[in-house]
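**Q** I would like the entire structure built from these sequences, with the hints used as guidance.
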Amino acid sequence: MKRILIIGIGAGNPDYITMQAVKALNRTDVFFLMDKGQSKDKLIDLRREICETYITEPGYRFVEADCPERVRGDIDYTTAVQDLNRDKQHTFERMINEEMADGEVGAFLAWGDPALYDSTIRILQAILASGRCTFEFEVIPGITSVQALAAQHKVPLNRIGRSIEITTGRRLAAGQASDADTLVVMLDAEDSYRTVADQDLDIYWGAYLGTPDEILISGKVSEVAEEIERVRKAARVANGWIMDTYLLRKP
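In the UniProt record's numbering, the protein residues as written are 1 to 251.
The set of hints was computed from the structure by calculation and includes no laboratory data. One or more of the hints may lead you astray.
To be verified - In silico PhoX-like cross-links for lysine-lysine, where the CA-CA straight-line distance does not exceed 25 angstroms:
#, residue 1, residue 2
1, 233, 220
2, 2, 23
3, 42, 23
4, 42, 233
5, 2, 154
6, 220, 154
7, 220, 250
Said to hold, decoys possible - FRET-style restraints, in silico, Cβ to Cβ:
#, residue 1, residue 2, range
8, 226, 131, 51 to 59 angstroms
9, 160, 63, 46 to 54 angstroms
10, 72, 35, 15 to 23 angstroms
11, 90, 226, 28 to 36 angstroms
12, 87, 159, 35 to 43 angstroms
Even for Gly, the Cβ is constructed at its ideal location relative to N, Cα and C.
**A** Here it is, written out as structure tokens:
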């Protein structure tokens, strides 16, 4: 029987790797890497660096495949994501069938934690449900960008007796109603924090968390929104991509 590991590798700092993840890395025969283009080579390089740092015995190998892209523009977001995951399913299925022998262990290295805004678990479940591929799989949790953000800003995620909600920039921009004391926003491609600049909210923003390119900004949304937008645009141009997360909190 083939076995697949989904290993959470944290938010970008190789030191975020847990001991459970280190043990999982050392059990793996083949690592599956999804190539998202030249601008995101750093993401592939970090995965290779983590393997070189923590794996004690040679003999493991990498298998790379081009990562399908989500269709953007005038298309329903949910439909676009479902189509993307279907395309990824075909790619994952092919790699597992063609690049693994029976009894081997394969691994997908998931940025952050596999259970938070990552589709690898859903994709593997869909492959098993299709019946075209047979394997067992395990999930190894990792440190999320949400945890890294709070740590780098030196703030707790929750306040005593208060609620936390994790949402997306898309929902925030659409006017999502929430009575949560703390709102963590991820996957914001449109600077949606600007939509709440008229509210009395503090923001703790971070990009490339845990990496040498890390950027942190905090303050009243009304006072730092323009700075975040300017820095964010410049960082995207410089790196070709950006991954950022922020926390909104009532004072």
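**Q** Going through the numbered hints above, which ones does this structure break? Give me the numbers in ascending order.
**A** 5 and 11
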